[in-house]
Amino acid sequence: MNTASARWALFFANIGHTLTHLMMLLYPTVVLTLGSAFDLGYGALMWLSVPGMVLYGLAALPAGWLGDRWSAERMMVVFFVGSGCGAIATSLAQSPLGIALGLGVIGLFGSIYHPVGTAWLVRHAENRGRMLGWNGIFGSLGIGAGPIVAASLTALYGWRAAFLVPGVLSLALGLALGLLVRGGSVVPALADRKTYAEPESADVRRAFMLLSITMLSTGIVVQALTNVLPKLFELRLTDLTQGGLVGTGGMVSLVFVFSAGFQMIGGMLADRFPMKWIYLVCWAIQVPVMVAATRLFELPLFAAMLLSLTLTAAATPTENALLVHYTPQRWRATAFGAKFLLSLGVSALAVPLIAVVYDHTGDFVWLFLVLGVLAAIITLTAVFLPREGRGVGVPAPAE
Numbered sequence: 103m104n105t106a107s108a109r110w111a112l113f114f115a116n117i118g119h120t121l122t123h124l125m126m127l128l129y130p131t132v133v134l135t136l137g138s139a140f141d142l143g144y145g146a147l148m149w150l151s152v153p154g155m156v157l158y159g160l161a162a163l164p165a166g167w168l169g170d171r172w173s174a175e176r177m178m179v180v181f182f183v184g185s186g187c188g189a190i191a192t193s194l195a196q197s198p199l200g201i202a203l204g205l206g207v208i209g210l211f212g213s214i215y216h217p218v219g220t221a222w223l224v225r226h227a228e229n230r231g232r233m234l235g236w237n238g239i240f241g242s243l244g245i246g247a248g249p250i251v252a253a254s255l256t257a258l259y260g261w262r263a264a265f266l267v268p269g270v271l272s273l274a275l276g277l278a279l280g281l282l283v284r285g286g287s288v289v290p291a292l293a294d295r296k297t298y299a300e301p302e303s304a305d306v307r308r309a310f311m312l313l314s315i316t317m318l319s320t321g322i323v324v325q326a327l328t329n330v331l332p333k334l335f336e337l338r339l340t341d342l343t344q345g346g347l348v349g350t351g352g353m354v355s356l357v358f359v360f361s362a363g364f365q366m367i368g369g370m371l372a373d374r375f376p377m378k379w380i381y382l383v384c385w386a387i388q389v390p391v392m393v394a395a396t397r398l399f400e401l402p403l404f405a406a407m408l409l410s411l412t413l414t415a416a417a418t419p420t421e422n423a424l425l426v427h428y429t430p431q432r433w434r435a436t437a438f439g440a441k442f443l444l445s446l447g448v449s450a451l452a453v454p455l456i457a458v459v460y461d462h463t464g465d466f467v468w469l470f471l472v473l474g475v476l477a478a479i480i481t482l483t484a485v486f487l488p489r490e491g492r493g494v495g496v497p498a499p500a501e
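Here the working numbering = 1-based position in the sequence shown + 102.
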C-alpha cells in the first residue's frame with residue numbers, strides 16, 4: 103500500500119469530518135439572530151434547515167454507490183468543493199428562500215462525506231476501531247466548533263461571515279485534494295490495509311436488519327440533541343450563559359469538545375471487547391438521562407447533556423465498526439450510504455419535531471421523553487445482535 107497516499111487520505115478524511123459537521127451546525131446557532139432580520143419566529147426559521155438536513159441523509163446512498171463504483175478520491179474533491187460553494191451561497195442569501203437553498207446545497211454535497219469518507223478511511227486503517235475513534239474525535243470537534251465559530255463570527259462580523267469563512271476554507275481544501283489526486287500523490291487503495299475474518303451470511307442478514315432499527319433511532323437522537331442544544335441552553339442555562347449568544351454557543355461547544363475524546367475510548371474498546379455489549383451499555387444508560395433532562399435546569403442540565411453526548415460519542419465508533427464487520431469490502435461505501443440515509447436523512451425528522459414541540463409548548467419536555475423511548479428501543483434491539491467473531495487482522499497484500 104502507498105504509505106504517503108494513505109497518510110494524505112487519512113488527513114483529508116479526518117479534516118473533512120470536522121468540516122462537514124461544523125457546517126451543518128452553523129445554522130442552529132446563527133438562527134438565534136435571524137428573527138429580526140427576516141421577521142420570522144424560531145420555529146419557522148428552523149424549518150428552513152429541513153431540506154438540507156434531509157438531503158444530508160437521503161443523498162448519502164447514491165453518494166456511497168458512486169464512491170464504490172467511480173472514485174472515492176474524486177468524490178471527496180466534489181464534497182469539499184460543493185460544500186464550500188453551498189456555504190458561500192448561504193452567506194449571500196437575501197431571503198429565507200435563499201437561506202433554505204444554500205443550506206440545501208450544503209446538505210446535498212455534505213452527504214458525500216459519511217458514506218465515502220468513512221469507507222475511504224477504513225480502507226487505509228490498520229486498527230479499525232482506533233481509527234474510527236480518531237475520526238469520530240475530528241467529527242466531534244466539528245460539532246463542538248460549529249456553535250462557537252458561528253457565534254463568534256456572527257458577533258464580530260455578522261451572520262454572513264459565519265458561512266463565508268468555512269465555505270472558503272472548504273473550497274480551498276477541495277482544490278488542494280484535487281491537485282494531489284491529479285498529480286498522483288493520492289491514489290486509490292485496492293484492498294484494506296488489514297483484513298478480518300468474514301462473518302457468517304446468516305449473521306450478516308440478522309445484523310443488518312437490527313442495525314437498521316438502531317441506526318435510525320440513534321440518528322434521530324443525535325440529530326435532535328445537536329440541533330436543540332443552543333435553544334435548550336438559551337432557555338434553561340440563563341445563569342451559566344448570562345443570556346448571551348457567545349455564552350450559549352460556548353457552553354454548547356464545551357459539551358461537544360469534552361465528549362469528543364470518548365470517541366477514541368469507544369474505538370479502543372471496540373478493538374478489544376465484544377462490540378455488541380459496548381453499544382448496548384452506552385444506550386441503556388441514556389434512558390434515565392433523557393427522562394431526567396425533562397426537569398433539569400442550569401448545572402444539572404448541563405451535566406446531563408454532557409453525559410448524554412459522551413455516551414453517544416463512545417457508541418458511535420462501535421456502531422460504525424459493527425457495520426464494517428458485517429459488510430463486504432466492495433459494498434462498504436454503499437452500506438455506509440444506507441446507514442446515513444437512515445441516521446441523517448430519515449432522522450432529519452428530528453428538526454421539525456424540535457420546531458413543533460417548541461411552538462406548541464415553549465419548552466422541550468416532550469422531546470426528551472421521545473428521545474428516552476428511542477434510547478430504550480436501541481437498547482432492546484441491541485440485545486439481539488449476533489455475537490461477532492473476533493477475527494485476527496492481517497496485512498493487506500502489497501499493491
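If you are wondering where the hints come from, they were derived from the structure by calculation, not from laboratory data. It is possible that some hints are incorrect.
As the list claims (entries may be wrong) - Derived SDA-like pairs (lysine to any residue); straight-line CA-CA distance at most 20 Å:
# : residue 1 : residue 2
1 : LYS378    : LEU318
2 : LYS378    : PHE310
3 : LYS378    : THR483
task = Mind listing which of the numbered hints don't hold for this structure, in increasing order?
result = none
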